[in-house]
Amino acid sequence: NELMDSLEDSFLQQKQFVEDASHELRTPLAIIQGHLTLLNRWGKNDAAVLDKSLKSSLKEVERLTNLVQDLLELSRAENSLINPVDVEPINVLATVQHVVRNFEVLYSNYEFKIRYSHENLYVNISSRHLEQIL
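For the sequence shown, our numbering assigns the number 53 to the initial residue and increments by one for each residue that follows.
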C-alpha cells in the first residue's frame with residue numbers, strides 16, 4: 053500500500069510539473085505570436101514597429117531558451133549535480149515595464165498601468181524568474 057501511495061504521489065507531482073511547465077512555455081510563445089501577427093499586419097512598412105517587435109520576439113526566444121535551461125538545472129539539482137548560482141541585483145521597474153509591454157501586445161483591449169513609489173528598487177533575483185512570477 054505504501055508503494056502504491058508513493059507511486060500515486062509521484063504521478064501527481066509529475067502531472068503538476070507538466071502543467072506548470074506548459075503554462076510557463078505558453079506565455080512567451082503567445083507573446084512571439086502576437087508580435088509576428090503585429091508585424092504581418094503593420095510592421096512590413098513601419099520600421100519602428102518592425103524593430104520593436106523583432107527585439108521583443110528575440111527577447112522571448114531568449115526567455116524560452118532560459119526556461120529550458122532552468123528545466124535542465126532543476127533536473128541536475130535533483131541529482132545534486134549543480135551548485136547554487138550567485139544572482140546579480142536587477143531593477144524591478146525595468147522588468148515590470150518589459151512584462152507590461154509584452155502583455156500590451158497580447159491584450160491590446162486592456163489598459164495597463166504601473167504604479168510605483170521607487171524607480172531604483174533592486175532585488176537579488178534573475179530577471180527571467182521575476183518575469184515568471186509576474
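No lab work stands behind these hints, which were simulated from the structure alone.
Glycine included, every Cβ here is placed at the ideal spot set by N, Cα and C.
Be aware that one or more of the hints could be misleading.
Here are the simulated BS3-like pairs of lysine-lysine, each with C-alpha atoms no more than 25 angstroms apart in a straight line [as the list claims (entries may be wrong)]: (1) Lys111 - Lys165; (2) Lys104 - Lys67; (3) Lys67 - Lys107; (4) Lys107 - Lys96; (5) Lys111 - Lys96.
Restraint-style ranges between C-beta atoms, simulated for each label pair [claimed, not checked]: (6) Phe69 - Asp98: 40 to 48 angstroms; (7) Ser62 - Thr89: 36 to 44 angstroms; (8) Asp103 - Tyr159: 35 to 43 angstroms; (9) Ser127 - Asp57: 18 to 26 angstroms; (10) Arg167 - Phe63: 38 to 46 angstroms; (11) His150 - Lys67: 29 to 37 angstroms; (12) Leu126 - Asp61: 13 to 21 angstroms; (13) Leu55 - Glu114: 40 to 48 angstroms; (14) Asn161 - Leu77: 43 to 51 angstroms; (15) Ser178 - His75: 15 to 23 angstroms.
Status of the hints after comparison with the structure:
1. Lys111 - Lys165: Holds, at roughly 22 angstroms.
2. Lys104 - Lys67: Status violated; Cα separation ~37 angstroms.
3. Lys67 - Lys107: With a Cα-Cα distance of about 34 angstroms, the restraint between Lys67 and Lys107 is violated, given a limit of 25 angstroms.
4. Lys107 - Lys96: The hint holds at about 15 angstroms.
5. Lys111 - Lys96: holds (20 angstroms)
6. Phe69 - Asp98: 40 to 48 angstroms: holds (41 angstroms)
7. Ser62 - Thr89: 36 to 44 angstroms: At roughly 40 angstroms between Cβ atoms, Thr89 and Ser62 fall inside 36 to 44 angstroms, so the hint holds.
8. Asp103 - Tyr159: 35 to 43 angstroms: Given range 35 to 43 angstroms: violated, Cβ gap about 22 angstroms.
9. Ser127 - Asp57: 18 to 26 angstroms: The hint (18 to 26 angstroms, Cβ to Cβ) holds, given that Ser127 and Asp57 are roughly 24 angstroms apart.
10. Arg167 - Phe63: 38 to 46 angstroms: holds (43 angstroms)
11. His150 - Lys67: 29 to 37 angstroms: Distance hint for His150, Lys67 holds at roughly 31 angstroms.
12. Leu126 - Asp61: 13 to 21 angstroms: holds (18 angstroms)
13. Leu55 - Glu114: 40 to 48 angstroms: holds (43 angstroms)
14. Asn161 - Leu77: 43 to 51 angstroms: Taking Cβ atoms as reference, Asn161 and Leu77 lie about 24 angstroms apart, which means the hint is violated.
15. Ser178 - His75: 15 to 23 angstroms: holds (19 angstroms)
Going through the hint list in order, the structure does not satisfy hints 2, 3, 8, 14.
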